[in-house]
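Asks: One-letter residues, chain by chain:
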Amino acid sequence: MKCPLEFDPSAELIVAYGARTLDPDAAAAFERHLDSCATCCKVAAAQKAVWDALDEWPGIPVSTDFDRRLFRKIQAARQRTWWWRALVPLTACLALASMLLLRNPQASPQPIPQIEQVQHALDDMDLLSQLGTAN
Amino acid sequence: MAPDLIDFDAPPIPQPSWKSRVNYSRADAGPIRETCDRDSELMLRVRDGDQGSFELLLEKHRGPMIHFLYRMVQNDAVAEELSQEVFLRVYKSRGNYEPSAKFTTWLFRIGTHLALNWIRDGRNEKSQTSLDKETPDGAARQVPDRRRTVEQELLYQAKLREVRQAIQSLPLKQRAAVMMHKYEEMEYAQIAGVIGCSESAVKSLIFRAYEALRGRLAHMA
Numbered sequence: 001m002k003c004p005l006e007f008d009p010s011a012e013l014i015v016a017y018g019a020r021t022l023d024p025d026a027a028a029a030f031e032r033h034l035d036s037c038a039t040c041c042k043v044a045a046a047q048k049a050v051w052d053a054l055d056e057w058p059g060i061p062v063s064t065d066f067d068r069r070l071f072r073k074i075q076a077a078r079q080r081t082w083w084w085r086a087l088v089p090l091t092a093c094l095a096l097a098s099m100l101l102l103r104n105p106q107a108s109p110q111p112i113p114q115i116e117q118v119q120h121a122l123d124d125m126d127l128l129s130q131l132g133t134a135n
Numbered sequence: 001m002a003p004d005l006i007d008f009d010a011p012p013i014p015q016p017s018w019k020s021r022v023n024y025s026r027a028d029a030g031p032i033r034e035t036c037d038r039d040s041e042l043m044l045r046v047r048d049g050d051q052g053s054f055e056l057l058l059e060k061h062r063g064p065m066i067h068f069l070y071r072m073v074q075n076d077a078v079a080e081e082l083s084q085e086v087f088l089r090v091y092k093s094r095g096n097y098e099p100s101a102k103f104t105t106w107l108f109r110i111g112t113h114l115a116l117n118w119i120r121d122g123r124n125e126k127s128q129t130s131l132d133k134e135t136p137d138g139a140a141r142q143v144p145d146r147r148r149t150v151e152q153e154l155l156y157q158a159k160l161r162e163v164r165q166a167i168q169s170l171p172l173k174q175r176a177a178v179m180m181h182k183y184e185e186m187e188y189a190q191i192a193g194v195i196g197c198s199e200s201a202v203k204s205l206i207f208r209a210y211e212a213l214r215g216r217l218a219h220m221a
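Listed in order, the protein sequences are those of chains A and B.
Once you know that position 74 of the first sequence is 74 in this note's numbering, the rest is easy, because the numbers rise by one and skip nothing.
Once you know that position 186 of the second sequence is 186 in this note's numbering, the rest is easy, because the numbers rise by one and skip nothing.
Any given hint could turn out to be false.
[Unchecked claim] The calculated DSSO-like cross-link candidates involving lysine-lysine, where the alpha carbons are at most 30 Å apart (straight line), are:
1. K159/B x K48/A
2. K92/B x K73/A
3. K173/B x K159/B
Hints in this document: simulated from the structure, not taken from any laboratory.
Please construct the entire structure, taking both the sequences and the accompanying hints into account.
Replies: Here it is, written out as structure tokens:
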């Protein structure tokens, strides 16, 4: 077997060998090569050391209330979705009404002052001016 | 030659062609490949409103997802929170789910995205501190094995800390790729789907990562 590191500096074969994903024939051929190649032997030993070291690193246990907390969040998300669904058409209606009002300000006319009120105001002003002249 | 430029399929492969004999499918090694179609079917049922199928998916994948995220962020509480966010996003996205890729590819893409964002946001500084001080999470969190003597336990914890620091020293994408390759037993193509790059780029990431790890951990042999 030709040295795999000569044509594969990334050591793909050695990684696969360390991961035990080589088929038995390929693994056997590589092991025969290891007997005569110090470089591959060194890299393979180092890769095995890495693999074994990573095996030592355990995962963590899942909290007993993991699912409960998740389903609570899902429930909250559902409720938010419901509110959003109600809020969107409501907001749209309000926006539409505002736009209509802005486009047609006559729609809500200002109160027209009564003629009598104006007449009274003019009379009052006349009276005040007369008083001012008299003084 | 830069590892990224290596094209394994381009030159004639010397005999014996070991490359063609590498068992990349890992059909007998990992549970992911065997169950991917079923997972997609379950997710389609979730899309149709079947809550039970979501619970089945959760039951199957929450452990691997938490372990993956824990090894990425190296903080158990954060790993759980991020895992919750992953499954919450899966649930929220159920209406748009299309089985264009393996379910686990999609799932780990979400998880990787969240983990990388969390790390990039600098929110891992606290966990880094705790790692150095061996407080609440990580190494100190490991339950002592009563079969070990005190000395063996100390050696084990020191070894574990060294492994964690070696992993943490890797660039983020290399870290993610190695975690999926080593612990989730994913194929290169699937890791490429998760990370969003080519298969050859994933090989390059993984081999550079293992090269760095060999430099740091080879003495443990």
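Asks: Against each hint, give a clear statement of whether it holds in the structure.
Replies: How the hints compare with the structure:
1. K159/B x K48/A: 15 Å, holds
2. K92/B x K73/A: 11 Å, holds
3. K173/B x K159/B: At roughly 24 Å apart (the allowed maximum being 30 Å), K159/B and K173/B satisfy the hint.
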